[in-house]
Amino acid sequence: MEVFVQQLINGLTLGSIYGLIAIGYTMVFGIIGMVNFAHGDVFMVGSFIALILFMVATSFLGLPVVAALVVVLVLAMALTGLWNWTIERVAYRPLRGSFRLAPLISAIGMSIFLSNLIQVLQGPRNKPLPPMLPGSIQIMGQDATAVAISYKQITIMVVTIVLLALFWWVVQKTPLGRAQRACEQDAKMAALLGINVDRTISITFVMGAALAAVAGVMYLMYYGVVNFSDGFVPGVKAFTAAVLGGIGSLPGAVLGGLLIGLIETMWSAYFTIDYKDVAAFSILAIALIFLPSGILGRPDVEKV
Amino acid sequence: MAESQNGAPKGAVDLGAAIKDSLIATLVMFGLSVPILALRTDQNMENRLILEPRWHYVWIACALVFVGRLLLTLFVWNKGAKIVTKKAATPSDLANAIRPYLGRIGLILIIAYPMVALSITGPQGSIKWIDNFGIQILIYIMLGWGLNIVVGLAGLLDLGYVAFYAVGAYSYAIIATNVIPATIPSLGFWSFWICLPISGLLAAFWGVLLGFPVLRLRGDYLAIVTLAFGEIIRLILINWIAFSNGYAGISSIPRPSFFGIPFNASDVGFAARFGIEFSPIHRTIFLYYVILALALLTAFVTLKLRRLPVGRAWEALREDEIACRSLGINTVSTKLTAFAIGAMFGGFAGCFFAARQGFISPESFVFLESAQILAIVVLGGMGSLIGVVISSIALVGGIEILRELDFLKQVFGPNFDPAQFRMLIFGSAMVVMMLWKPRGLVSKREPTIFLKERKSISGSFVKEGHG
Chain A
132 MEVFVQQLIN GLTLGSIYGL IAIGYTMVFG IIGMVNFAHG DVFMVGSFIA
182 LILFMVATSF LGLPVVAALV VVLVLAMALT GLWNWTIERV AYRPLRGSFR
232 LAPLISAIGM SIFLSNLIQV LQGPRNKPLP PMLPGSIQIM GQDATAVAIS
282 YKQITIMVVT IVLLALFWWV VQKTPLGRAQ RACEQDAKMA ALLGINVDRT
332 ISITFVMGAA LAAVAGVMYL MYYGVVNFSD GFVPGVKAFT AAVLGGIGSL
382 PGAVLGGLLI GLIETMWSAY FTIDYKDVAA FSILAIALIF LPSGILGRPD
432 VEKV
Chain B
-15 MAESQNGAPK GAVDLGAAIK DSLIATLVMF GLSVPILALR TDQNMENRLI
35 LEPRWHYVWI ACALVFVGRL LLTLFVWNKG AKIVTKKAAT PSDLANAIRP
85 YLGRIGLILI IAYPMVALSI TGPQGSIKWI DNFGIQILIY IMLGWGLNIV
135 VGLAGLLDLG YVAFYAVGAY SYAIIATNVI PATIPSLGFW SFWICLPISG
185 LLAAFWGVLL GFPVLRLRGD YLAIVTLAFG EIIRLILINW IAFSNGYAGI
235 SSIPRPSFFG IPFNASDVGF AARFGIEFSP IHRTIFLYYV ILALALLTAF
285 VTLKLRRLPV GRAWEALRED EIACRSLGIN TVSTKLTAFA IGAMFGGFAG
335 CFFAARQGFI SPESFVFLES AQILAIVVLG GMGSLIGVVI SSIALVGGIE
385 ILRELDFLKQ VFGPNFDPAQ FRMLIFGSAM VVMMLWKPRG LVSKREPTIF
435 LKERKSISGS FVKEGHG
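Chains A and B supply the protein sequences, listed in that same order. Those letters in the first sequence? Residues 132 to 435, by this note's numbering. Those letters in the second sequence? Residues -15 to 451, by this note's numbering.
Please keep in mind that the hints were generated in silico from the structure rather than gathered at the bench. What you are looking at is a predicted structure, and each value in this text was computed from that prediction instead of being measured. Glycine residues also receive a C-beta, built at the ideal position from the N, C-alpha and C atoms. Accuracy of the hints is not assured; some may be wrong.
For the chain B half of the interface with chain A, some residues (derived, Cβ under 8 Å), not all of them [to be verified]:
| id | residue |
| --- | --- |
| 1 | Gly15 |
| 2 | Val18 |
| 3 | Arg24 |
| 4 | Leu48 |
| 5 | Val51 |
| 6 | Leu54 |
| 7 | Leu141 |
| 8 | Val198 |
| 9 | Asp204 |
| 10 | Phe213 |
| 11 | Val362 |
| 12 | Ile370 |
| 13 | Ile374 |
| 14 | Phe405 |
| 15 | Leu419 |
Using C-beta positions, here's what the derived DEER-type ranges look like [to be verified]:
| id | chain 1 | residue 1 | chain 2 | residue 2 | range |
| --- | --- | --- | --- | --- | --- |
| 16 | A | Ile420 | B | Ser250 | 52 to 60 Å |
| 17 | A | Trp299 | B | Glu388 | 48 to 56 Å |
| 18 | A | Leu307 | B | Leu435 | 53 to 61 Å |
| 19 | B | Ser235 | A | Gly228 | 48 to 56 Å |
| 20 | B | Trp224 | A | Thr276 | 53 to 61 Å |
| 21 | A | Thr403 | B | Tyr85 | 58 to 66 Å |
| 22 | B | Ile34 | A | Ser267 | 24 to 32 Å |
Sequences and hints are given; from them, build the entire structure.
See the structure below:
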């Protein structure tokens, strides 16, 4: 029981990170129908930006860790948003209206470009940080079987919940969110009604990247290490989460993220840690084949 | 970085607006480069991270963006105002005259290539040219032609093609190092030639096996599922140590023989039998011709299949699956044959790869390989055989050439390693090609059936990649 509760906590923490990345996939797919293959690498870039900013904040400016984290979070969101804005502008926007494979190939190229750019600029080795926010709270059980929730995990979950609430409010209640939902339903019609579709798409990319940057900060805080190749596997898992939850659906992305996080930790705890990525990829294949519209998504009707 | 046609003024040159526009672009570049380029993280002696500032790179990058953007705005994009009269490309008489023979000239050049390299650079120097350039490029040409059957002809976007390459390589490695010595050791030096068809068949079997579940999927989803399959196979190869020896890989895989005669210095070796002096170059040249023959087989089969009912069904499927089904084409068997035949050639290439390297590990079968093969097919122009050749030479050869650019060290200092930019250039090449020519280098399509004369049509009229 204790093991189960502990894994539940770990799984939900990991799932929050996947959910944050998954939102970027699901929004971009919803609005322009494209799998943004480079999104995992945008997350990795966000993580690197956070790493460098965190070091600047703590070692040069001498800020305490908590204050540094807040500053880093805000700046990393802004800068990663700028990265994704530029990527969209350079690599995807000119391809709108081109044949369907072109944006996918361009995104794959961008993914390779980003991870190798970071490799060239920051070096190929792992980047470890000293542990942040040490300590934990025991919530049940005794010594050996104690279930603990660490401050890191609490921070990750709280930040995720707060940001999701904020985000949900933006998409549901503001004119910007209304424009996004309109473009998602019918971009041509939205343009006729005076919505600047290009700008809305750009903002969608920026928002997705900002959430990916949050995930990057959380990932860095949770694992304490980041590498230039860390974008691919979390990216694929987050995409799995987006598909599992129903691509295009925001609550679905979060739900899918939590499910993937739970499945991954439970699989590692009860079966074997070696095959945990196999489990994630298998779920991706199974979800796409048998449940292509996901748990909360609308079924896709093919018109002839 | 932030080029966009929207910001460029049309018509009269407006210097003020252009400068303002360039300043914005520079500001974007500054924002992009601030933490990532300006500060480099590095481990110090105590293995702790330290920051190493290098702001001069940021200033250089910003200056480049400002000047580049300004020049582009003033002189290149400005021409948008003039009516561009683009003449339809009419090839000159000379080009028309040699066009029918182009394939043959290319073939002769490719066949003569090892001999030319040998005579120019000598036995020692030519190994590099034949092996790193010749064989390497031919492997990718073969993989590109194999994937072209799946992507270019049948329109099934496969991002996990490297899985079949891995199946072929591991089939040969395991059969030749474990199974044959344990069961029929008398086979001697024939193992490569026995295993080649077996590898192809096993890969085809896996193609059908992985093709079955994805029959209903199209487009992006198909691409992602095949990517997942490719990764699953690689992860199993890493983790199932009893079967594949995990990360350590399989070594001392038997090398191919000259139809039973080994390439070694012994009395029964190739050199002794043919009365020539022993040299390792013999095997390299032989390998070159083996992969050339395999690649040509792939091209030959592709050309023939396009004229057969199954090939026509593939192309019809690519154009419109629903119409296909209404006309009574069995889409299940059509798709599965495409997967199987594409996978089979991937398997042949994998078998050859294992035999050429003598060592394989899961590291050789990462997603990047699949992306590279797909990039070769797409950049060459899907469905075009000659396009695959051109893009393989450009991409694979271009990347290999980077290793040769040692003189750049004298310009940029001894720490400058051009090879580290390989994948960076490769990734940007994919993006730039999509922006510049999304249909690939060879975007003309040759019909297989015609009324009076063969007219090639533009690639933008076919629906490759929609499915």
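Now the hints, each set against the structure:
no.: 1; hint: Gly15; result: 5 Å, holds
no.: 2; hint: Val18; result: 7 Å, holds
no.: 3; hint: Arg24; result: 6 Å, holds
no.: 4; hint: Leu48; result: 15 Å, violated
no.: 5; hint: Val51; result: 18 Å, violated
no.: 6; hint: Leu54; result: 18 Å, violated
no.: 7; hint: Leu141; result: 7 Å, holds
no.: 8; hint: Val198; result: 7 Å, holds
no.: 9; hint: Asp204; result: 5 Å, holds
no.: 10; hint: Phe213; result: 7 Å, holds
no.: 11; hint: Val362; result: 5 Å, holds
no.: 12; hint: Ile370; result: 20 Å, violated
no.: 13; hint: Ile374; result: 17 Å, violated
no.: 14; hint: Phe405; result: 7 Å, holds
no.: 15; hint: Leu419; result: 5 Å, holds
no.: 16; hint: A:Ile420 to B:Ser250: 52 to 60 Å; result: 54 Å, holds
no.: 17; hint: A:Trp299 to B:Glu388: 48 to 56 Å; result: 55 Å, holds
no.: 18; hint: A:Leu307 to B:Leu435: 53 to 61 Å; result: 56 Å, holds
no.: 19; hint: B:Ser235 to A:Gly228: 48 to 56 Å; result: 51 Å, holds
no.: 20; hint: B:Trp224 to A:Thr276: 53 to 61 Å; result: 33 Å, violated
no.: 21; hint: A:Thr403 to B:Tyr85: 58 to 66 Å; result: 60 Å, holds
no.: 22; hint: B:Ile34 to A:Ser267: 24 to 32 Å; result: 29 Å, holds
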